[in-house]
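Trainee: Each chain is listed here by its residues.
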Amino acid sequence: MVEILVIDDEESICESITWLLEKEGYSVTCAMDFATAVETIKNRDFNLYFVDLILPGGNGINIIKLIKDLDKKGVTIIITGYPNIPTLVDSIRLDTYDYIKKPINKENLLKIVNQALATPIDIL
Amino acid sequence: MESKRLKTGIVGFDGLIEGGFIVPSMVLVIGPPGSGKTTFLWQYLFEGIRHHEKGMLFSTLSESSSSLIQFASNYWFIDTTAFGKKVFVIDLNQQIKKFETGEEFLNEIDEKIKKFNIQRVAIDPINLIQLAIIDIKKYRTFIYDLSKYIKEKNISAVVTAELYTPNDYHCHEAYISDGTILLQTEQKGQKVQRSLTIVKMRGTFHELESIEYVITKNGIEIKLK
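Protein chains in written order, with the numbering used here: chain A, 1 to 124; chain B, 1 to 225.
Just chain A, with the same shape it has in the complex (with noise of 0.2 Å):
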């Protein structure tokens, strides 16, 4: 079963994706500050991670560094109220699949997810 991970602070959010990504087939699994979302990349693996940018307790960058130095396979996806200059260039740098803008547009969402997890391993 594909295994998602959402990383973001706002309950809303959390539950709103689960409901939708749930009721397409994929097990979802929340974090909701940095401390948890480490323990959690830390002992398990997922296809795919959503990350807030900002969580309390830390930064969803480091997040996404720790994904990477942890070799961890999945996609990442960035989740920001605030798209700017220098989100985009932390998401290329980062080399994050792609990154979605809140408030979360439900059709927007699962588009991005179907096709991260459609894409070949070494095209993402």
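No lab work stands behind these hints: they were computed from the structure.
Check the hints yourself; a few may be wrong.
[Said to hold, decoys possible] As a list, the in silico EDC-like pairs of lysine to aspartate or glutamate whose alpha-carbon atoms are at most 16 Å apart:
id : chain 1 : residue 1 : chain 2 : residue 2
1  : A       : Lys111    : B       : Asp135
2  : B       : Lys137    : A       : Asp98
3  : A       : Lys72     : A       : Asp33
[To be verified] Label pairs and their computed distance ranges (CB to CB):
id : chain 1 : residue 1 : chain 2 : residue 2 : range
4  : A       : Glu39     : B       : Glu221    : 46 to 52 Å
5  : B       : Lys153    : A       : Ala35     : 44 to 50 Å
6  : A       : Glu39     : B       : Glu103    : 41 to 47 Å
Even glycine gets a Cβ: it sits at the ideal position worked out from N, Cα and C.
Given the coordinates of chain A, assemble chain B onto it according to the supplied hints.
Mentor: For chain B alone, kept in the frame of chain A given last:
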């Protein structure tokens, strides 16, 4: 072993990336309209002439090749006699209406590169090809195959992509390219301030901060501190 470096032709730029682009590589230049992306390509292609390398610009824009050349000839570094001999302009716009697969685009590019023995390739802008290859997975596969092709041929490519706002730019080309350069323009009163950021450059130590540049009759010039 030290990598072979290719001079970009951008005044003041090569020193920021250890002497130039690695060969082979595919570098992406992103920026809004008017930021100098096409000028960057002209400098890169015409620098090739100084190193006995032939260049080819694949244009996906609706403008004809002749109007692109006419625009380019305003720059002092452009030698118009080189067009058709050392620098070639290929119109890909019609193919966008005709082609549906990445393979068709690659075959077209390959045919022209082989025919004219090209070492420097430019595509301007590459993201218009998405109009033909609508499926994102297939588009990303095309970008990946193009990058692989450039490596196999041991040549270099610089491709551009339009960036209107960070909201509508997705990282399809940036993820696969070996390097990404961001050009930005900002209106400050009566003046336009331009800045360049080397977002990434694989295998190269590079400046991380934004650097100011100007566009003159000499093309893009980096304003070194």
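Trainee: Where does the structure disagree with the numbered hints, that is, which hint numbers, in rising order?
Mentor: 3
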